[in-house]
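Given only the sequences and the hints, what does the whole structure look like? Please build it.
Taken in sequence, the protein lines are chains A and B. No gaps in the numbering here: position 34 of the first sequence is 34 in full-length UniProt numbering, and each next residue is one more. No gaps in the numbering here: position 489 of the second sequence is 489 in full-length UniProt numbering, and each next residue is one more.
One or more hints might be untrue.
When chains are identical, the list treats them as one kind, so a pair holds in a single copy or across two.
[Stated by the list, open to error] DSSO-like cross-link-like pairs, simulated, lysine-lysine; straight-line CA separation at most 30 Å:
1) K264 x K389
2) K518 x K264
3) K151 x K518
4) K151 x K421
5) K425 x K264
6) K390 x K518
7) K389 x K425
8) K264 x K390
9) K280 x K390
10) K421 x K280
11) K264 x K280
12) K421 x K389
13) K421 x K518
14) K421 x K264
15) K518 x K280
Rather than coming from a laboratory, the hints here were simulated on the basis of the structure.
There are 2 protein chains.
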Amino acid sequence: MNAPLTPRTIRIHPSDNVVVVVNDGGLPAGTALPGGPTLVQAVPQGHKVALTDLPAGTEVRRYDVVIGHTAVDIPAGGWVNEQRLVMPGARSFDNLPAPQPPADLPPLDGFTFLGFRNADGSVGTRNLLAVTTTVQCVAGVLEFAVERIRKDLLPHYPNVDGVVGLTHSYGCGVAIDAPDAIIPIRTVRNLASNPNFGGEVMVLSLGCEKLQPERLFPANAIPIQASSDTRGTGSAGPQGVPPLSGGETQSGAGGSTVVLQEEKHVGFMSMIDSILTQAKTHLERLNARQRTTCPVSELVVGVQCGGSDAFSGVTANPAVGFATDLLVRAGATVMFSENTEVRDAVDQLTRRAATPEVADAIVRELAWYDAYLARGQADRSANTTPGNKKGGLSNIVEKAMGSIVKSGNGPIHGVIAPGEKVTQKGLIFAATPASDFICGTLQLAAGMNLHVFTTGRGTPYGLAECPVIKVATRNDLARRWHDLMDINAGRIASGEATIEELGWELFHRLLAVASGEKTWAERWGLHNDLVLFNPAPVT
Amino acid sequence: MNAPLTPRTIRIHPSDNVVVVVNDGGLPAGTALPGGPTLVQAVPQGHKVALTDLPAGTEVRRYDVVIGHTAVDIPAGGWVNEQRLVMPGARSFDNLPAPQPPADLPPLDGFTFLGFRNADGSVGTRNLLAVTTTVQCVAGVLEFAVERIRKDLLPHYPNVDGVVGLTHSYGCGVAIDAPDAIIPIRTVRNLASNPNFGGEVMVLSLGCEKLQPERLFPANAIPIQASSDTRGTGSAGPQGVPPLSGGETQSGAGGSTVVLQEEKHVGFMSMIDSILTQAKTHLERLNARQRTTCPVSELVVGVQCGGSDAFSGVTANPAVGFATDLLVRAGATVMFSENTEVRDAVDQLTRRAATPEVADAIVRELAWYDAYLARGQADRSANTTPGNKKGGLSNIVEKAMGSIVKSGNGPIHGVIAPGEKVTQKGLIFAATPASDFICGTLQLAAGMNLHVFTTGRGTPYGLAECPVIKVATRNDLARRWHDLMDINAGRIASGEATIEELGWELFHRLLAVASGEKTWAERWGLHNDLVLFNPAPVT
Ligand SMILES: [Ca+2]
Ligand SMILES: [Ca+2]
Ligand SMILES: [Ca+2]
Ligand SMILES: [Ca+2]
Ligand SMILES: [Ca+2]
Numbered sequence: 001m002n003a004p005l006t007p008r009t010i011r012i013h014p015s016d017n018v019v020v021v022v023n024d025g026g027l028p029a030g031t032a033l034p035g036g037p038t039l040v041q042a043v044p045q046g047h048k049v050a051l052t053d054l055p056a057g058t059e060v061r062r063y064d065v066v067i068g069h070t071a072v073d074i075p076a077g078g079w080v081n082e083q084r085l086v087m088p089g090a091r092s093f094d095n096l097p098a099p100q101p102p103a104d105l106p107p108l109d110g111f112t113f114l115g116f117r118n119a120d121g122s123v124g125t126r127n128l129l130a131v132t133t134t135v136q137c138v139a140g141v142l143e144f145a146v147e148r149i150r151k152d153l154l155p156h157y158p159n160v161d162g163v164v165g166l167t168h169s170y171g172c173g174v175a176i177d178a179p180d181a182i183i184p185i186r187t188v189r190n191l192a193s194n195p196n197f198g199g200e201v202m203v204l205s206l207g208c209e210k211l212q213p214e215r216l217f218p219a220n221a222i223p224i225q226a227s228s229d230t231r232g233t234g235s236a237g238p239q240g241v242p243p244l245s246g247g248e249t250q251s252g253a254g255g256s257t258v259v260l261q262e263e264k265h266v267g268f269m270s271m272i273d274s275i276l277t278q279a280k281t282h283l284e285r286l287n288a289r290q291r292t293t294c295p296v297s298e299l300v301v302g303v304q305c306g307g308s309d310a311f312s313g314v315t316a317n318p319a320v321g322f323a324t325d326l327l328v329r330a331g332a333t334v335m336f337s338e339n340t341e342v343r344d345a346v347d348q349l350t351r352r353a354a355t356p357e358v359a360d361a362i363v364r365e366l367a368w369y370d371a372y373l374a375r376g377q378a379d380r381s382a383n384t385t386p387g388n389k390k391g392g393l394s395n396i397v398e399k400a401m402g403s404i405v406k407s408g409n410g411p412i413h414g415v416i417a418p419g420e421k422v423t424q425k426g427l428i429f430a431a432t433p434a435s436d437f438i439c440g441t442l443q444l445a446a447g448m449n450l451h452v453f454t455t456g457r458g459t460p461y462g463l464a465e466c467p468v469i470k471v472a473t474r475n476d477l478a479r480r481w482h483d484l485m486d487i488n489a490g491r492i493a494s495g496e497a498t499i500e501e502l503g504w505e506l507f508h509r510l511l512a513v514a515s516g517e518k519t520w521a522e523r524w525g526l527h528n529d530l531v532l533f534n535p536a537p538v539t
Numbered sequence: 001m002n003a004p005l006t007p008r009t010i011r012i013h014p015s016d017n018v019v020v021v022v023n024d025g026g027l028p029a030g031t032a033l034p035g036g037p038t039l040v041q042a043v044p045q046g047h048k049v050a051l052t053d054l055p056a057g058t059e060v061r062r063y064d065v066v067i068g069h070t071a072v073d074i075p076a077g078g079w080v081n082e083q084r085l086v087m088p089g090a091r092s093f094d095n096l097p098a099p100q101p102p103a104d105l106p107p108l109d110g111f112t113f114l115g116f117r118n119a120d121g122s123v124g125t126r127n128l129l130a131v132t133t134t135v136q137c138v139a140g141v142l143e144f145a146v147e148r149i150r151k152d153l154l155p156h157y158p159n160v161d162g163v164v165g166l167t168h169s170y171g172c173g174v175a176i177d178a179p180d181a182i183i184p185i186r187t188v189r190n191l192a193s194n195p196n197f198g199g200e201v202m203v204l205s206l207g208c209e210k211l212q213p214e215r216l217f218p219a220n221a222i223p224i225q226a227s228s229d230t231r232g233t234g235s236a237g238p239q240g241v242p243p244l245s246g247g248e249t250q251s252g253a254g255g256s257t258v259v260l261q262e263e264k265h266v267g268f269m270s271m272i273d274s275i276l277t278q279a280k281t282h283l284e285r286l287n288a289r290q291r292t293t294c295p296v297s298e299l300v301v302g303v304q305c306g307g308s309d310a311f312s313g314v315t316a317n318p319a320v321g322f323a324t325d326l327l328v329r330a331g332a333t334v335m336f337s338e339n340t341e342v343r344d345a346v347d348q349l350t351r352r353a354a355t356p357e358v359a360d361a362i363v364r365e366l367a368w369y370d371a372y373l374a375r376g377q378a379d380r381s382a383n384t385t386p387g388n389k390k391g392g393l394s395n396i397v398e399k400a401m402g403s404i405v406k407s408g409n410g411p412i413h414g415v416i417a418p419g420e421k422v423t424q425k426g427l428i429f430a431a432t433p434a435s436d437f438i439c440g441t442l443q444l445a446a447g448m449n450l451h452v453f454t455t456g457r458g459t460p461y462g463l464a465e466c467p468v469i470k471v472a473t474r475n476d477l478a479r480r481w482h483d484l485m486d487i488n489a490g491r492i493a494s495g496e497a498t499i500e501e502l503g504w505e506l507f508h509r510l511l512a513v514a515s516g517e518k519t520w521a522e523r524w525g526l527h528n529d530l531v532l533f534n535p536a537p538v539t
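Dropping the structure here:
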C-alpha cells in the first residue's frame, strides 16, 4: 500500500456477524479492521466480512435478520459473498405475527410547498397537459402532434410546464376479458387523473381498439371535460367537472376524445388539427392556474430503489426512511412498493400493519405475486441482478432488508393493489413489481406527485409525468454522476453526514422540488417510457 | 331512396350460404340482391346476408368453412351477425390432415430491386444506424443522443437513411431465468442484426442490468465490430467481422458497446460523447455503402393485418396472397404470422406443409400458444375487437379465414418460433401473437426487410426499422386516409380491379419501396415503438 488506509466498515445491528466494507476500491488482504478481525483476503467495496469464524451451516445475520447460511467454512476476516451463502426459503404466510404497530409518529407542523390545486382536492407539483391513449396504434400520430404542441402552442401558455403523451403498449391485441386485465386497464384509467395533469383529461383513440374509451372511462368513473364546456377558461383556477351521466361516453359530441377513425378525418393533417384544437382548450385552462401554498399533507410520494448495492441499505434507503417518517408526520401519503423486495420481510410488515385488515391485504398482495411468479416458473430470487451481486448484495433476502428501510419506522396505514388509486394519507404499501418503470408507472397511477429513487450502481431514471429526485448511495457515484444525482447519501458512509441530517436534507429538497425546483432529469429532459404491468396474455 | 342503388355483394366460395354486402353505407331493407334473396332488414357494409333460410342450428359457411351455427332462425335475406352465430370450438390437434402440399409454384424470373448488400449475405432495403439497448434504463439517455446524432451527425452522412434507437421495456426487473425468457432475449439479439442495419451492431448498456451484453450476445452468436477495428472505413462496402472469440465479450476494451456506468463516464455529457463517438465509426462505414441490383430472392417480407373488417378477407388479404405467391415464385422469403388468426385453419396449414416436420412445427407452435392463453384464462376468441365486429367479422373463425389468405396458395416451407431468425427462402409460418406491434417486432427480429400491413378500419401503423406498405381494404378508407394508405384494395370490391391486378400492383410497389421509394409512414415520420413478446414474469 502506498498511502495509509483508514479502513471503514458498517455494522447495521449489534447482533450481526458480518460488516460491510465502506472504502472506495475495497480493502486489501491483511487490513486490520478497527476492533475486529484482520482480512484474510481482499474484500471489495460494499461486500461483507465475517466478524467471527463461521463454519459451514452457520446463520449469517445482517439487519438482525438471517440472510442465509454459510455454504463453506468462512474464517473471521473472510469474504462472505453470494457463492458462499445458501439462501433461506421464502417465509411462509402461515403464523405471521399479528399487528403490533408502533405508535403513530408525532405530528410535524409548519412545512408547506407551492403546488397547483385541482378541483378534486388533489395537488399537482407540475402543471402538465397529458394526452391519454386508449391503444398503442395511435402513438406515432400522437408523437407527431406532441412535437407540434411543444413547438407551436406551448410558447403561448407560459404557465404550463409541458405536454406528455401517455403512450403504452396496451389497448388491443390483448386478452382484455382475462381476469388479470383489470390491472393494465385501471392503470391507464388512473394515470389519466394523476394530480400533475390538473384534472384535464384529453383522450386519443383509434376507434376499433378493444380498450374503447367508454370501457377505459365508464360513465361516472372519471370526469371528462366536454370540449364545448368553457367553464374555467381564463379563470384563476380549474373548475370541477361533473362525471358524465350514465350511458353517455366522452367520445360523443363535444367530448374531449379525438378518434382517428372518425369520418370527419380526411387526410393525416386533419387528425393533427383535431388534436391541436382539443389541446388548446385544455392548455387555456391549465395556463390560468397558479401555484398556491399547500400543506405537506397534499404530497403523494412514491419511494423506490433500482440498481441497488450494499450501500443502498445503509446510506440512501435509511435516509429515505427518515424522510418518509417526516412526511408521514406532516400528514403526507408515502408509498413504498416492490413486492419481491419486501417478500422476505413479510413478518416485519404484518407486525407494522395498523390494523388486521391491513395485515391481511399485505399477505393477499404478496401471495398473489408469489402465484404470479410461480405461473411463469420463477420466484422472488429472480429479482437480484449481476450489478446487485457485484455491489455486494448476496441474495434477495439481503436486498429486501436494505430495500424495506425506505418505509421508515411508522405503522403501515393502508395497502393498494397494482394500478389502484391511493385514497388514504399515511404510509401505504402499494403492491407493485420491483421493475423500475413498472413500479414508477403504477405509483403514478396511484396518484404520485413526487418520486424518490435511490441507486447505488447508478441509473439515469426519469419520468415525464412527475419529478424524480435521485439519491446516490455512494460518494463515487455522486462524484461521477454529479449532474444526474440530486442528493448524495454516500456522505453517510464516509462519516460526513448522519442519516438524520441526510433525511432532513432530502425532506427540504422534496418540498423545493414540489414547489417547482427542477431535478437533474428535468433539466436534461431525461425520461423513460411508461411500462404497464399486464399479467394477462396478449393475443 | 333518392338515388338508384346497385347492390353489390361478394360470395367467396360456391358452397357458402352467406354473402357480404359491399356497398358503402350498407343496403336497406327491401333491396333485391342480384340472383339472390331480398333483404328482410338493413344490413351494414361488410356484414353477411343469409342466401337461404337458416333455421337455428344450421351451419353457416364462408370461405367454404363452417364459421358457426345459427343461434336463431334466420330467413333468406336476413342479417347474419355475431349475436346470431354460435362459434364452433377450436379444432383439435388430433387427427389433423397429413401434408398434401400443393406443387411448388412455377419460378418467376426477371425482377430485381436496388438494395444494400451486407457482409453476411443479407440485403437491406434501408441503410440505418441502429443502437441496440440491453435494458430499458438507458432509453432516456439514448433518446437524447439520437436527437444529437440526427441533428449534428447525420447531415454529414448523406447515404445513411436514419438512426434508430432499439428501445424496449426488457432487460431488468424481469425473471430472466424463467423458461419463456428465451423469447424476449433472442428477439432483442436478432433485432440487432436486422438486414436494414448494415451489419453494424452498436450496443448501449447500463452496466448492472440482468441482460448483460455478454448474455445478449454470447461469444460467437453475433459479430460485434470492435471500435478499434477500422476495416471498412471509407471502403465501398461493409466488411465481414469475425465473431468474438470464446469468453471475450464486446464490452471489453475497444468493443462497440457503450456502458453508462463505466468509471470513465464523469458527467452526463461524457455519456453522450461516448455514444456519438461510437456512432461516428458506424456512420462512416454505413455512409460508404451504395444500393446495388439484387434479385427479389433477397427480400424477407412480413405480411400482417390489423384493424380488420369483412373486406380484409375479400380484397386486401387475397391481393396480398397473390403478391405472396409472386414473391415466393421469385425466390423471396415471405412470413405470415398471427397465431390466433390461423388457429382455426390449422387443418389447412398442416395440409399445406411441405414436409411432416413443418406440419409438426405448426402444431407445436399453435399448441404452445393455446397453453399460453389458457394459463391466463383466455383463448383464441380473445382476438376479435369491437371494430372487427362492427366491420362485419362475427368471430375469430371468420376473421382467421380472412386473415390466412395473406399466405397465398403455395406450400409452407418452414416454421420459426417467436423471436427466431428465419434462415430459409419460401413461405414461412413465423409464429407470433396477432398483436400488431408485437407481430411486427418479431418479424423484424426474424430478419424482415419489408412489411405489408392491411387494414379495414384504418390504423396509422409504422415502424422505424423497416418500410411498411399499408393496404386499405375499402375505398372509403383509402379516400379519407389518402396520405396514410399506400395501396387501395377497395377497388376489388367496387369492381375497378381484380385480385390479380392488385396483387401485381402491390408486387411492383414492394420492389419500388425496397429500392428506396418512401411509404406514407416514412414521409410523415410515423412509427410506433417496438413491443417485445415476454410470456415470462416481471419481478
Ligand atoms: Ca428496488
Ligand atoms: Ca425498483
Ligand atoms: Ca417512446
Ligand atoms: Ca390480423
Ligand atoms: Ca395483427
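- Message: For K389 and K425, with the copy left unspecified, which applies at a CA distance of at most 30 Å: within, between, both, or neither?
- Response: neither (36 Å within a copy, 45 Å between copies)
- Checking K151 and K421: alpha-carbon separation at most 30 Å within a copy, between copies, both or neither? neither (33 Å within a copy, 41 Å between copies)
- Item | Alpha-carbon proximity context of K390 and K518, limit 30 Å | neither (32 Å within a copy, 48 Å between copies)
- Task: Can you give me the call for K421 and K264, within, between, both or neither, at a CA distance of at most 30 Å?
- Result: Neither: 36 Å inside a copy, 42 Å across copies.
- Message: My question is about K151 and K518: at a cut-off of 30 Å on alpha-carbon distance, are they close within one copy, between copies, both, or neither?
- Response: Result: close both inside a copy and across copies, 21 Å intra and 26 Å inter.
- Task: Have a look at K264 and K390 and pick one of within, between, both or neither, based on CA distance no larger than 30 Å.
- Result: between (58 Å within a copy, 18 Å between copies)
- Query: At most 30 Å between C-alpha atoms: does K421 with K389 qualify within a copy, between copies, both, or neither?
  - Reply: neither (34 Å within a copy, 33 Å between copies)
- Item | Intra/inter-copy verdict for K425 and K264 if alpha-carbon distance must be at most 30 Å | neither (46 Å within a copy, 44 Å between copies)
- Query: Should K264 paired with K389 be assigned to within, between, both, or neither, using CA atoms and 30 Å as the limit?
  - Reply: Classified as between; 21 Å across copies, 57 Å inside a copy.
- Message: Checking an output row: K518 and K264, CA cutoff 30 Å. Within, between, both or neither?
- Response: Answer is between: at 26 Å across copies they meet the 30 Å cutoff, but 41 Å inside does not.
- Task: Indicate which option fits the pair K421, K518 if close means a Cα-Cα distance not exceeding 30 Å: within, between, both or neither.
- Result: Classified as within: same-chain Cα gap 26 Å, cross-chain 45 Å, threshold 30 Å.
- Classify it for me, K264 with K280: is the Cα-Cα distance of at most 30 Å met within a copy, between copies, both or neither? within (19 Å within a copy, 46 Å between copies)
Of the numbered hints stated above, those contradicted by the structure are hints 4, 5, 6, 7, 9, 12, 14, listed in ascending order.
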